[in-house]
Amino acid sequence: MSKQQPVLFNIGWNACINCGACVAICPQEAGFVSPFDTIAVDRPCDIACLLCEQICPVDTITHVPAPAPATQNGAGVR
Amino acid sequence: MPQPEYDVVIIGAGPAGSTTARFTAAAGLRTLLVDKRQELGAPIQCSGAISRHALEDVGIVPDDEFIHEAIYGFAIYDQTGERHVHDYRSLKPDEYGSGPGRKPLGYVVDRRRFDRYLLTQAERAGADTWLKTEGRGYTPTDDGGCTVHLRRYNQDIDVRARLLVGADGLQSQVGKWAGLQTHIKITELAGCLQFIVDRVETEGLLEIVTGHEWAPGGYAWVFPKGHGYAEIGLGVIATMTDKPARWHLDKFMTQSFFRERFADCRILEVQGGGVPLAAPLRTQYADNLILVGDAARHVNPITGGGLHTAVAGGKIAAGFITGHLEDGMPLRDGALRAYQDVWLDALGDKMWKLYGIKTDIFHNMNIRERDEQLYATMADYFSPTSEFKKI
Ligand SMILES: Cc1cc2nc3c(=O)[nH]c(=O)nc-3n(C[C@H](O)[C@H](O)[C@H](O)COP(=O)(O)OP(=O)(O)OC[C@H]3O[C@@H](n4cnc5c(N)ncnc54)[C@H](O)[C@@H]3O)c2cc1C
Ligand code: SF4
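For the record, the sequence lines run as chains G and H. Heads up: the first sequence at position 44 corresponds to 44 in our numbering, and the numbers run straight through without jumps. Heads up: the second sequence at position 359 corresponds to 359 in our numbering, and the numbers run straight through without jumps.
Since the hints were made in silico from the structure, they are not lab data. This structure is a prediction, so every number in the text was calculated from the model and none was measured. Backbone N, C-alpha and C define an ideal beta-carbon position, used for all residues, glycine too.
Covered stretches of chain H, as calculated for chain G (at least 3 residues, CB under 8 Å):
#1 168-175
#2 181-191
#3 233-245
#4 267-274
A few chain G positions that, by computed beta-carbon distances, are all more than 12 Å from chain H:
#5 Q5
#6 P6
#7 V7
#8 N10
#9 V41
#10 D42
#11 R43
#12 P44
#13 D46
#14 A48
#15 H63
#16 V64
#17 P65
#18 A66
#19 P67
#20 A68
Next comes chain G alone, as it looks inside the complex:
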């Protein structure tokens, strides 16, 4: 859908109150979650709508551009 660059989310766990609002707003398919009831932080998000960052009541979600995905022989795709 969007032409955004994939991103990798980072959650400042110190401020996170495990409220789940980020998961509730997330348009990803089922399973884009962490074991702590937040959005996933271990794999890139290719939608990158950043709605989770907007909804978070304690403003504790940030992101970096996702590293280029590894191909089968391990080389990054450019």
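Got chain G sorted already, so can you dock chain H with the ligands onto it with the hints?
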């Protein structure tokens, strides 16, 4: 080992799931209720206000085990502190009050104890209840039933069921498994933050503060929490502010007309969550699947309250399931649409109407007019003559 077999598997033991399970088990259906948590209701993502009739309508006896404090009415404020009070102790003194023969209007419940209590009732009615059990997916099978994929203490378990109920709350994944359109718009999900505090006086009323100044897109609240504690919280719509809920709550506590009242308060707990001020899902069923509670967005779009609608919806769902399974009706290809129709008739149509009212207010871009409309609507909503009293 043969796969365990159930008539109904319910994912999520919140108020919606446990109420559904209690009624299906009581009707003699083999019922499995699972929840991924170790302690239900925790971390708390709810203020816990529910009316007495909402409990009584579904056979929940108000019990000290889960009640923080009794409630006798409402106080609705505009942004300046002007207020409308509907105190049922003075409106209907023969009926409401703390004296003998009088009753409360509602309660503030402790969600940890409330959810556990409801699970206990389901279990005593005959349901199997598994905690630390996450629903991971389901597959409809050729015999017309389905296989539900669970993970319990790191072990994958497949369970056979005729019907699956998604009662997995606002973060619902079950609807997504079936490809249902469950997405909430950012303009319709309030980001909420609340503090349980000491040293703030309350008067047996649910206090609701309107006004863009304090809670853009939502409202702020002060609820009695029992033992002399109070709860202060608010919800905001992200597109109407560039600040997080936390910033607004801090501003509300330090700059609003309540700043003196809150000046000495001490924070004892921090909680939050998302509240959908949205319409119910347009499709709440799929092959072998129905959704109930927050998972189906059975939430009041004006107040954000979802406890009453969760337990009422659970009873409706269970009634439908019991009849449908007893009659051996099909479970595929839209055969479960009847559930949604029953629900719309009992609750949903009114919620759609409330959604219309709410949408009209927030479509008004003039902040002063919008504030006035929200204040008037809220004040009217909680009045004894409101047509929506039972929602
Ligand atoms: C800040 C805040 C304040 C609120 N205040 C009020 C109020 O005062 N009054 C009111 O009426 N409503 C209030 N609400 C709304 C109310 O909390 C919800 O509407 C209500 O909890 C919905 O109940 P439910 O049973 O549908 O879902 P939930 O209570 O969310 O229960 C869902 C359950 O499913 C479990 N689950 C989820 N996924 C899985 C899975 N994959 N496998 C197994 N288990 C799973 C969860 O662990 C959870 O126990 C508030 C909400 C918020 C955020
Ligand atoms: S919205 Fe923010 S506080 Fe809530 S669970 Fe997600 S990261 Fe944590």
